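**Student:** Here are the chains, one letter per residue:
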Amino acid sequence: MTTKLFGEPVRRREDQRLITGKGRYLDDIGHTALAAAFVRSPHAHARITDIDVDEALDVEGLVAIYTYEDLTGPMAEPLPVLIPHPQLHAPRTGFPLANGEVNHVGEPVVMVVATDRYVAEDACDRIVVSYEELPVVVGVDAARAAEHAVHEEIPDNVAARHHQETGDVEPALAAAPRTLSFTQYIERSACMPMEGKGVHAKWDADDSSLRVYTSTQASTSVRAAIAAKLKLSLDKVEVIAPDVGGGFGVKIVHPWPEELLVPLAAINLGREVKWAEDRREHFIGSAHERQQRQEITVGYDDDGRITALDVHIWHDNGAYTPYGIIVPIVTATQLVGPYALPVYRVVVESVFTNTVIVTPYRGAGRPQGCYAMERTMDRIADDLGLDRAVVRERNLIQADQFPYDHRLTFQDGRPVIYDSGDYPGLLDKLRTLVGWSEAEHLRADAAERGKLLGVGMALYVEGTGPGPYEGGHVQVLGSGKVLVSTGLTSQGQGHETAFAQIVASELGVPIEDVEVTTGDTRRFGYAVGTFASRAAVMSGNAIALAARGVREKALRIAADVLEAAPEDLEIDAGLVQVKGVPGTSIPLRTVAVLSNPLRYAFDEAAKQATQFAKAGDDDKPPVAVGDAPGLEHRDYYSPIRSTFASGAHAAIVEIDPATWEIDVVKYAVVHDCGNVVNPMIVEGQVHGGVAQGVGGALYERMAYDADGQLQNASFMDFLMPYASEVPNIDIDHQQTPSPLNPLGIKGAGEAGVIPGTAAIASAIEDAVGRRIASMPISPTELYDLVRDPSSERTATAARREAGAMA
Amino acid sequence: MKPAPFRYADPRALDEALALLSEDGAKVLAGGQSLLPLLSMRLAAPAVLVDINRVPGLDAIEVDDTGVRVGALVRHSTLLADEGAARVQPLLARATANVAHPAIRNRGTTVGSIAHADPSGEMTSVLALTDGTVTVASAAGTEVLGWRDFFVGPLETSIPGGAVVTSAFFPALPQRSGTAFAEIARRKGDYAVCGAGVVVTLDGDRRVESARASYVSVGLTPEVHDLTDAVAGAPVEQADWAAAGELARTLVDPDTDIHASADYRRLLVGVLTERTLASAAAEAVAGATRE
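Those protein sequence lines, which keep their order, are chains S and C. Residues in the first sequence are numbered consecutively from 1, following the UniProt record's numbering. Residues in the second sequence are numbered consecutively from 1, following the UniProt record's numbering.
Derived by calculation from the structure, the hints in this document are not laboratory data. It cannot be assumed that every hint is accurate.
DMTMM-like cross-link-like pairs, simulated, lysine to aspartate or glutamate; straight-line CA separation at most 25 Å [as the list claims (entries may be wrong)]:
1. 22/S with 243/S
2. 2/C with 243/S
3. 2/C with 52/S
4. 4/S with 496/S
5. 188/C with 656/S
A quick note: this is a predicted structure, and the numbers were derived from the prediction, not measured.
Just chain S, with the same shape it has in the complex:
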């Protein structure tokens, strides 16, 4: 058995549990708990004039009703702005329960607690909330026009004006041989994890302690929030993320109102209380992302090299800004992608609308940035009559230019300095993988079958693994079990497997002996969370460092026993041995027993250890100064800055010119996330990301009407793609290790989703010869576009037509 598992496609150990129904999700916990349900605003913007609960009081099984009036102290204050920023000049957050005004459909107004969820909803139905409706703002354009204000005291609806520039853009544009200006849009979608949010709270009155299970991406921070808002000592609150059925970003936001209100009720009532979000609640009561209006001006030379880029974005942040301006910053700084831009200016105006809040959804502003940059490349190529791949190639940062400083400031407040990469390599691999040079042949072939074929590509660079830190703890037990814990949480990524691989490799133990726990504040108190493609980079490295600490201690103890120098020892298959001297060994589990001078002989392991135990030195304490009992180590990894993964996608679409149905017939991905812990898990992440990318490009949107009512708040009408809509995906890998961390890895979680919209828009444009400036696009919209005499034809289409006539 080899213990060198780093880089191997080890099967996911969590899958058997998760796919045979043995997962323990939030709603599997607390069958006897009271149930909470919420009365939510049916209006997008209104003043609450009265809340009448009388009719609900005789519902049998009702336990309690809470409104804003019942909240005191910190709970009566607005929810926190988690990530303040100097350019977020007008942050606004809601209250746990609405305080006199509602700003989007779905905002919680009343919490009902009852014997079960059915009864709780019966009571909700009988509560009459009276509203005075206010004018509604929906969409970036309405917010920008500011005929009405979402928040009365912010008449222009602008929450933040994020601005970065790397030079004097206006003279650079004026000096450019050519310029282009255009406006484009991208719509809202959402994370839509299969499991919604959920909270279970249990108060131990005798111990004055609270245990909370929540379907979160950040259990340590939820713990801190609950302690602060409910005025509890941190040591009396434990928060556990059980199996979480998907997150994709929405569960990094915290505290959600329900994460405070459910514990509040549990404490007040002295009973277990649970709330499991239903799908409609998730649509209207959690978070969305992606809507932007992008105004772009680019200057370039006759070869297609960009000389200056000026971007002005209006970003819809919804009703509140609890997560600050992370998404605008990410769009602003990741837009530049793999390209060397001599001068770049970006302004992102983050605007309020009377819709669900906008917080990171897998990609977190990058798909929009990629869409802006890559569609710019397509426009330049179209204008100059150049191959789109060639224009990209001419603008790429070269492999010898790393570290490459973009002179921008990233979401973590650190400079955007690309650590490593090979972008021309990515592009070459992509062209080969998708058969870029065959495009004209494929187009002719499809035309014979009566289909319009188009190809498109998009490249991206993704800052991953931002700090400030994650920690890892590794402990070897006398049984030989290796316990690993880290504070960040898992939502199905395969952390149990990947982290076990790292420890097995670092420590030299069989992977079967390694047990991994994540997201449990009882095991690890300090953590940041699982987001921004950071788990493998941050916790992976922290765990590797912790394992190295354990290894060092094990070798020290074993060296003493085996009378050898630590550097002459190795650990393999759980055995510490002298290199090259077979038979001179001690099991690691025995070393673990020896590491603790208190050895009651409870078990065989302790008895076996006695044969190795030397008599103690009477002049020294049993535990040396600076040492500690036990074979364990805790360590932290804190990077100086993010590491930058990269990739390139290409799509081939076929369009039926009779029905305008769009079929993605080929989808190619070249992916670079540095050293790979488990290529199978990375490919799975890419597959899932591409599925969401295709969803965002062709199917998903939040269909708000002018009154701020979400018209498609169900899985019947919100068109998340099924497996039948996701194309087969061809993947090729490239590995440029990160010099920034011990394992040389970069994040992989979000990559797959980033270029989907840009690549598919490009392919559709190529197929139909009309400018695609608004995504997603559906067959009915494509039909409108192609028959609209005012819609812009591409120069490429005109050239093709001229060529055909010549």
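We have chain S; now place chain C onto it with these hints.
**Tutor:** Below, chain C alone, put in the same frame as chain S:
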């Protein structure tokens, strides 16, 4: 998304079911594929749910030369797999194959889908196209209603609350005829953006005698459109199916919703009509050749 309180009854005989259905606010539960989501979203709140799944005698498919009678408890998947039914009226299998996904077809009933009267349903359209009937039982007795008398509006039929549809009858496909059914949906198995079922009948000289179509997700209630004028008397090989498609576009009155504009639906009516008529005609020719 939990239903409001309701009483539940699972009668063991039709009489008992009818007695329960005569109560105010009673609602029939068969496959539940439309009703249960409505209950969960509290868009429907019946006082009593009369589960007819244990009523004997409602689960048969009866096939003879005149047509196919489908009992109220026959699941879509059962009808889809019934070779006898498919032989006598091929539209049944062709349409049920388009009903959602296997899990839904395994529970959902064909008659329930018709009684739900959703203009996005495949089987409402097929009942119309085949000129079918439903048998309705109530405390007052049993009556047979033609589809035109049955469908009143979207999700609305002519039968009173106390009644239950016990079966639907789909007449056999006429001789020298062929059928086709096609849908365009945003995702595989979704409600169609537009669907079309057609029947083409030839005369003894293999000329087009009639061409009829019925659509899914077009209009408020199922309709049958006679497209014969566009292709009447033409030798089947020369029939201008595109002209029939053009004619169909002028006859329908689709709506706009978040998935498709009325114009786009009209476009699809034309395309699907042309495609399905050609396919149905080819089948009719093959059938005529065998005779």
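**Student:** Determine for every hint whether it applies to the structure shown.
**Tutor:** Evaluated hints:
Restraint check for residue 22/S and residue 243/S: the C-alpha separation of about 10 Å stays at or below 25 Å, so the hint holds. Distance hint between residue 2/C and residue 243/S is fulfilled; the C-alpha atoms sit about 24 Å from each other, no more than 25 Å. In summary, the hint linking residue 2/C to residue 52/S is supported, as the alpha carbons are separated by about 22 Å, within the 25 Å threshold. Taking the CA atoms of residue 4/S and residue 496/S, the gap is about 17 Å. The hint holds against a cut of 25 Å.
Restraint check for residue 188/C and residue 656/S: satisfied, since their Cα atoms lie roughly 17 Å apart, inside the 25 Å limit.
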